[in-house]
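First to last, the sequence lines map onto chains P and L.
Read the first sequence against our numbering and you will find it ends at 503, with the numbers running on by one and no gaps.
Read the second sequence against our numbering and you will find it ends at 1313, with the numbers running on by one and no gaps.
These are computed hints drawn from the structure, not numbers from a lab.
Hints are supplied without guarantee of correctness; some may be wrong.
[Claimed, not checked] Result set (EDC-like, lysine to aspartate or glutamate): computed pairs, CA atoms no more than 20 Å apart in a straight line:
#1 P/Lys44 with L/Asp1269
#2 P/Lys203 with L/Glu1221
#3 P/Lys333 with P/Glu135
#4 L/Lys1311 with P/Glu234
#5 P/Lys333 with L/Asp1193
#6 P/Lys203 with L/Glu1251
#7 P/Lys203 with P/Glu234
#8 L/Lys1309 with P/Glu234
#9 P/Lys44 with P/Glu80
#10 L/Lys1236 with L/Asp1170
#11 P/Lys203 with L/Glu1279
#12 P/Lys44 with P/Glu135
#13 P/Lys203 with L/Asp1193
#14 L/Lys1236 with L/Glu1221
#15 P/Lys333 with P/Asp389
#16 P/Lys44 with P/Glu70
#17 P/Lys44 with L/Glu1251
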Amino acid sequence: MPSVCCGCQSQYTYHHLLAFLLTFFSYVLLHASRKTFSNVKVSISAQWTPSVQNESLPAFSPSQVWEEHRLFADEEEATLFLGALDTIFLFSYAIGLYVSGVIGDRMNLRYVLCFGLCGSATVEFVFGTLTEWLHLYNVYLYCGLWVLNGLLQSAVWPCVVAIMGNWFGKSGRGFVFGLWSACASAGNILGAFLASSVLKYGYEYAFLVTSVVQFAGGVVVFFGLLTSPKEVGLCQESEAGFGPAVESDSESQRPLMSDEEEDEGCDGGYYSVEQSEGPQEELPQPISFLQAFLLPGVLPYSLAYACLKLVNYSFFFWLPFYLSSNYGWKEAQADRLSIWYDVGGIVGGTVQGLVSDFLGKRAPVLAVSLLLAMGALVGYSHSPADQVVNAALLALTGFFIGGPSNMISSAISADLGRQDALRGSQEALATVTGIVDGTGSIGAAGGQYLVSMIESRLGWMYVFYFFIVMTGGSILFIVPLIYRETRSMWRDRQGLHQHL
Amino acid sequence: MIKMKAGCLQPRPAVVVFIINFIIHTSCHLADLQICHTCNGTLLNDTVVGRFCSSSDGRVEGRCCFQNLNSSTTVHVIGLDLSNCSLDQIDDLQDASTAVVIDLSGNPIVNISDFVFQGCSALNEILLPTNLLCPGGNASWESIAVSEGSVICRGQKSMCNETRRMTLFCPENSCCAPNGPGFFSCRCIDGYHGYKCRREGEFPFIQVFAPIGVGMVMLSILLWVVQRRKVKTN
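Just chain P, same shape as in the assembly:
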């Protein structure tokens, strides 16, 4: 029997580490390929358009080198189309998320994950590399492929969050998930480096490398991933409920109970008091979409995430363009500077996850961070043209916006998908993750169009005002949850004081 340990992590085996790493790198590869597309936009639009020359001068010759490709008349039209591709991708990703979450809870998570990774890699290869090698430039082909890519990529996130939820229980989830949700930002950084190092050979090679690496990742995951501790006989991690009071009770009772409880075929590791009702041998039933949607907390967090993901993804898609158009910096410099936002997001997600674990509550931490984010946005919109100051402000903004965003999409989704209301009898993790992220992606998709419209009509300052409004909106959606959690936190504090 395991030694008495109250909440320490000695039950983590190397299987846990491998599950963490494999799911981490699956999503890193996915995001790297998305970032590749963002980073080669300038090269792609150059490929699609003829050279621009002053009106009075003749066109460049030889025309095969300078004038031949006329998919779009000029770079502005090409940029508009690229923005439209982003929107199309996000919408199909959102729709796919709703579906994939449901599928993931019903089918083998490993198969769905591999299918998503390898399928998306193949589509990206066709989109970026094959069309260039065959010199096949067609607007409808690009749109169709990108819709397919969005649907295939949507299979990955719910599966990886569900697998992480299987392996890592409630205690320490905030910190572990905070660290783990750095995968999106790490993927951005990897994608930026991969793309910039291969871009000189041609943008098609950037797509080739990222899609091959992603496919290889899918193969490795297929052969090496364990979706749940149950597959090797380890115990499922406990779900100690939503509040700290319950947690401390179960922790103090656990060593006593474990001596008396029937051994359910577990190798070790602790299991929850809460799950003692229902026989463990009975497989959890997958939850229906509507039931999952109506679970407490899912709707407010989904809507809040819609606003937050809008701001986050707008930074992701538009930041290099904003930096080069507003400050006049070169594309490579702007790409490298935009990494700082991701760095801030990684640190923010981890630190805030840790803090929320310590407090036992997530919503108040989110609220404080989002309030400070509004201030950071104001500060960033007035940033001077100095690169160092800009990078620092960018990291700060990333900390305050990326932190809550990472938390909602990972730790909180896992919380929601394994909460008391399910009582361990329903598989809901992937479905709930799909709902939260799907709603977030719809918000992000709508936002892309709005950002480009606001920018072209009113300018960048109003885009920042729009971001501030959205951040405020996300706070508004979780106000009921903040109120509830703060009140229970206050009561627990008072209760503790009374005991002493």
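Following the hints, complete the assembly by docking chain L onto the known chain P.
Relative to chain P, chain L alone:
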């Protein structure tokens, strides 16, 4: 006008090729160039083009003068004499774009577009009917003389060295090369290729994909042994 390559077939290996080559050499497709037969007659020795042809050891065919290109079997036009052909317009000189001397005098041509001469980078002397201007304007030629009812433009100046006009520029990774009187082309500089000269070097397929492939196989095997082999199916 059908553009046909002036020249013989490229040589293929083996003795058979040599024989074919010999046969073709004696009856080369030189005669297929339509421009050489725009009007009747052949190149005369005492014309400007004729003198140039004999001094360059060229071969006369119709109104054209051919010369071997740098010890290969392909030939190209170095001289074209279309004087007194009763032509009232010239549309296309693509077949003679390598010509060094062109004679168009004595024709009732009203005007001739500059673009006809785009690509004639080797053109050094051209004779035109009196009322016409030198292609590319006066600034594109070293010397312009009017004599015997024709205008003679000599010494094509490269557009790339032009200092009097506004600075011509070629986009990134390309450099200016002359492309006819008043024309320039932008050629990709060494190491760059592809559309708009954006691509540099050759992608190192082996160096990139071999490690990826090997890593994938090794990781898969390792992880399968460590993880999935222990799966309990119940």
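### Task
Take the C-alpha atoms of P/Lys203 and L/Asp1193, compute the straight-line distance between them, and say whether it is at most 20 Å.
37 Å, violated
### Task
Take a quick look at whether P/Lys203 and L/Glu1221 sit within 20 Å of each other, Cα to Cα.
Given pair P/Lys203, L/Glu1221 is violated - Cα atoms ~42 Å apart, limit 20 Å.
### Task
Starting from P/Lys44, check that the Cα of P/Glu80 is at most 20 Å away, please.
The hint holds at about 12 Å.
### Query
Do the alpha carbons of P/Lys333 and L/Asp1193 lie within 20 Å of each other, as the hint requires?
39 Å, violated
### Task
Sort out whether L/Glu1251 lies within 20 Å of P/Lys44, counting only the CA atoms.
18 Å, holds
### Message
Next pair to validate is P/Lys333 with P/Asp389; report whether the Cα-Cα distance is within 20 Å.
### Response
Holds, because 14 Å separates the two Cα atoms, which is no more than 20 Å.
### Message
Would the hint linking P/Lys203 and L/Glu1251 be met if the CA-CA limit is 20 Å?
### Response
Between P/Lys203 and L/Glu1251 the Cα gap is close to 13 Å, so the pair holds against 20 Å.
### 20 Å Cα cutoff - pair L/Lys1236, L/Asp1170
Outside the cut-off at roughly 23 Å; violated.
### Message
Between the alpha carbons of L/Lys1311 and P/Glu234, is the straight-line distance 20 Å or under?
### Response
6 Å, holds
### Query
Is P/Lys333 within 20 Å of P/Glu135, Cα to Cα?
25 Å, violated
### Query
Regarding the pair P/Lys203 and L/Glu1279, is the alpha-carbon distance no greater than 20 Å?
6 Å, holds
### Query
Is the hinted pair P/Lys44 and P/Glu70 satisfied, with a Cα-Cα distance of at most 20 Å?
Holds. P/Lys44 to P/Glu70 sits at ~19 Å (cutoff 20 Å).
In terms of the numbered hints stated before, the structure departs from hints 1, 2, 3, 5, 7, 10, 13, listed from lowest to highest.
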